[in-house]
Amino acid sequence: MTAGGLTRPGERNRLVVKFSEIDWTLALLICLIAGMGSIMLYSIAGLSWAPWAANHLVRFGLCFALMVVLAMVDLRVWFVSAYPVYAIGLVLLLAVEVVGDVSLGAQRWLNLGFVRLQPSEIMKIGLVLALARFYHGLPADEARFSWRLFVPVALIGVPTLLVAHQPDLGTAVLLAATGLSVMMLAGLSLRVVGALALSALAAIPPVVMFVLHDYQRNRILTFLNPEADPSGSGYHIMQSKIALGSGGLLGKGFGLGSQSQLDFLPEKHTDFIFATLAEEFGFVGCVSVLALYLATITIALRIASVSHSHFGRLGSAGVTATFALYVLINGAMVMGLAPVVGVPMPMLSFGGTVMLTVMIGFGLVQAVRVHRYSEITSGRGTLV
Amino acid sequence: MSEPSFFFSEVNERQGVFNRRVFLMGGLAGGGILALSGRLAQLQLLEFDRYKVMSTANQFNFRISPPPRGLILDRFGVILATNRPNFRVLMMRDELHDVGATLDALSQLIPLAPDRRQQLVRELVHTPRLVPIEVAEDLTWEEFSRINVRAPELPGITADMAEARVYPYGGAFAHVIGYVAKVSDRDLLAAGKSPDPVLHHPGFRIGKQGVEKALDLALRGKAGASKTEVDAQGRVIRKDPEGDVQAVPGKTVVLSLDTDVQNRALEVLGTESGACVVMDIRTGDLICMASTPSFDANRFVKGLTGPEYRALADYERRPLLDKALSGTYPPGSTFKPMTALAALESGMVDPEERINCTGQMWFGNRFFHCWKRGGHGSQNMHDAIKNSCDIYFYQTALKIGPDRIAEVAKAFGLGQSFDIGISGQKPGLVPSTRWKRERYNQPWYPGESLSFGIGQGALSANALQLAVMAARLANGKRALNPRLIKSIGGVETPRGDAAPGLPFQTQHMDLVRAGMAAVANDVTGTAYRASQLGLGPVLMAGKTGTAQVRVISAAERAGGVRSNDSLPWRLRDHALFIAFAPYDDPKYAMSVIVQHGGGGAAVAAPKGREIMRVALLKDADVRARITSPMPLPEVAPVAPGEEQEGEAPAPPSEVVPPPLSLQGVVRP
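Going down the list, the protein sequences come from chains A and B.
Residue numbering for the first sequence follows numbering that gives the first Met the number 0, beginning at 0 and increasing consecutively.
Residue numbering for the second sequence follows numbering that gives the first Met the number 0, beginning at 0 and increasing consecutively.
Honestly, the hints are just simulated from the structure, not real lab data.
Quick caveat, the model's predicted, so the values are computed rather than measured.
It cannot be assumed that every hint is accurate.
Claimed, not checked - A short, non-exhaustive set of chain A residues, derived as facing chain B with CB atoms under 10 Å:
#  : residue
1  : Leu27
2  : Ala49
3  : Pro50
4  : Ala53
5  : Leu56
6  : Arg58
7  : Gly60
8  : Leu137
9  : Ala242
10 : Ala290
11 : Ala331
12 : Gly335
Stated by the list, open to error - Selected chain A positions facing chain B (Cβ under 7 Å, derived; list incomplete):
#  : residue
13 : Leu184
14 : Gly186
15 : Leu243
16 : Gly246
17 : Gly247
18 : Gly254
19 : Gln258
20 : Asp262
21 : Val283
22 : Val286
23 : Ser287
24 : Ala294
By construction, the Cβ of each residue, glycine as well, lies at the ideal position given by its N, Cα and C atoms.
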């Protein structure tokens, strides 16, 4: 395939060409991370494919296929469907408020009969798409700071508050941070970003004391001093740190992590899988996996920067920001640097919904890469 | 394929801003991941050791098996403390499903009182997860088998065989050996930051008194442990026999005591409140250290009930007090050899110089009395020791002053504690002008010298010190130290005779010893009749003492001194006796104190003789000397109301007792 070949009209729309335009380095990195996840899940189950490792691989295969399919979808289709996806997400969030399943004291799931849907996951994609679409039609100076920014603020604020009310603090923080990242990428004045960050920091104490539920407040207080009650609410953080620390430089060896194998580690196959990795493969293994994540983020951001359309740029960079936030928040939580919030390590943790969301996100990134030369001319960022 | 670099080609303003912001975001993500890596380095590289330990503590569980406690033997290997099998029922909290049902089932097999049940349920809440709880102990073999047979129906209940401490001689050694009892919170605190995990083991006993306490760590041994891997719920995943730690049995402790002598001392002292210490002069070994009344140490192992303890604690004669070490008494006339030696060493007193005893002397503003109404007449030093003449020692003490006496007394071990391996010694007090000044900020009054000279006043000593004093007098040269613990785990402790000599002239010591020989063997000596051993040529030298515990008023004295028997127990005199034998080749020294017992010669000396006989008869050298043991001379019972001391009948005036020398005594 030569550059000249691509200049022929219609050539770029041929599926074979599109397929070859997918960033296979990025795809390989994603596969490596998911593969690592499978290996860890195999180890945690006591060197067994059941119940998690095989399942994880099958899901990943399906999601990978979905990513490839989504990569073929024309960027204009993404553009057009941005607001509808957001709207569907919002409706579902409202539906959860009214008729959602209550599990573990929180309303997060919508039971559709055949599948239990978590609308906040749809919203993670929907929000990025909607913001990208809005900014697509916004001039640079207005994106910097203007009254029109009430639109993105509302786009971010409404779902964030709904999710926080479920209550799902982790996802709410993630949504807000993702939205803010997109606004910043679009050119929001750094002074405003700074002011927002400061006021958010200032808002933490009163929110913690008066707004949060008891268990949420306890998690945060526990995070501040986990060793105060190592067998009570500090147990998770303490055991996670023990798992990490006892891994040392090279780890205890595959399948030999006592903390995870003997159930001392909580949520070892989901939120705390990174601690298992750290225990069995040590510092070297952890840094290698973190390097894979960083490479993935860097490549995805580079893809964003070469897109010809502003929607493509913001969309792909936005989902990359979500991905990066997952990694950083989960990492910080596992290492005892952040309170325990239900944020998994993407691709590594067992769990279908998050994997689907992340892979749809990479589908968008790949679509942006495949369609990087396509221009989206239609209109300004109106709400239609 | 060439793509525009996002740095240099700004297609439009929006893209330019975006590219800068993407770069910023990539930087933030990179920085974040770098920070995470840093945190990982901190946890996994810098703090690795700490978390490794915590991880191992999570993963492995050591089930402790306590070691057999070391034996305590006497000098001939007679067992003084040992262990017996103890069948117990234990309850494991983590294997228990329904406490009530289990206890119901259990109560059909063994007796289980309702209040004990409640106590168990309470214990269950407070006990750490993996520590078993003792439900009952000392089961019979039938009960034990019954539980073992029904074990499958009793989840969380195990019957096991542990060891319990037992003291075959009950009370005979209770004060020396002490006892073991349940580990208290205070014991745990005393064990420091990381107490031996065996202390938490149910039914584990820790040494509380005497040798059991002092040598607790040596006797305890090292606990064994079976290593098991457990999961977060405490379930055993795997046993690891290679990780097992073998229990190290406690060390055997050999005491210098002789069971026969000790038992004889207890028999002889009977229900009296008293103490007896016998010492081997050649080695410093304490072959007897008895205190009466005693208590059964075995009761303490199981745990005393409140009333039992109160009965022991409230009894007037103080069974719980070790009178051999912790009871200090005025030594009375047993101290006179010290005064005599101090006088000789001072060079101010000629031993042949005679002092006339009229039975009383005026000093200061009052009369000081001799114990013998009417007096002893003219006395030289030898006579004064033999007769225990108070007037002679009043005068002598007055002449030489208190400090010379104190110096000699201290050289003989009074006023000090000895390192015998167990705690609880009270050093008593040797007064001096300096002590008086420092303690009361007052000068020494000459009247105090009078009391001091006859072993009363502020002076006090315990039975061990008096035995050491007697031993050093007998031994003559060495500042002999007592030894109670002969060996620990086969390693001999240093002998007591590796001590410097006494800085006193031999002829002075001989003179004092001759006086003490006369006390016991001259027919006019205060303890003549009470001191006849009946062991042929083997003779004893001694000194009696009768220490007042009250002031006898002039009016009382005028009306005739009241006999001890008419006084309430706690106002009676202390009876004391020190002795060594054979006096021409000393091997054993002793002290006997009978608290509120009455006269030293009437009460303490006969008891001392009986105890000394056993010690001498057990000695091979002494037995060889006794060719034909003679029967004991008849001892007339002391009639009530007789004089306090020196019940020896006045010899016929024409019979002059033969002079005594150290080489041989003409037996009457």
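Hint check:
1. Leu27: Not OK, violated: Leu27 of chain A not within 10 Å of chain B, min 19 Å.
2. Ala49: violated, 19 Å
3. Pro50: Given a least distance of 18 Å, the restraint on Pro50 of chain A is violated.
4. Ala53: Constraint on Ala53 of chain A not satisfied, violated at 24 Å.
5. Leu56: The hint is violated - Leu56 of chain A has no Cβ within 10 Å of chain B, the shortest such distance being about 26 Å.
6. Arg58: Given a least distance of 26 Å, the restraint on Arg58 of chain A is violated.
7. Gly60: violated, 27 Å
8. Leu137: holds, 8 Å
9. Ala242: Hint on Ala242 of chain A: holds, closest Cβ of chain B at ~7 Å, below 10 Å.
10. Ala290: holds, 8 Å
11. Ala331: holds, 7 Å
12. Gly335: Gly335 of chain A check passes; min Cβ-Cβ to chain B is 8 Å, inside 10 Å.
13. Leu184: holds, 5 Å
14. Gly186: Interface hint status for Gly186 of chain A: holds (4 Å vs cutoff 7 Å).
15. Leu243: holds, 5 Å
16. Gly246: With a closest approach of 5 Å, the Gly246 of chain A hint holds.
17. Gly247: holds, 5 Å
18. Gly254: violated, 14 Å
19. Gln258: At 6 Å from the nearest chain B Cβ, Gln258 of chain A passes the 7 Å test, so the hint holds.
20. Asp262: Since the shortest Cβ distance to chain B is 4 Å, the answer is holds.
21. Val283: Since the shortest Cβ distance to chain B is 9 Å, the answer is violated.
22. Val286: This interface hint holds because 5 Å falls under the 7 Å limit.
23. Ser287: violated, 11 Å
24. Ala294: violated, 10 Å
Violated hints, in rising order: 1, 2, 3, 4, 5, 6, 7, 18, 21, 23, 24; the structure is consistent with all others.
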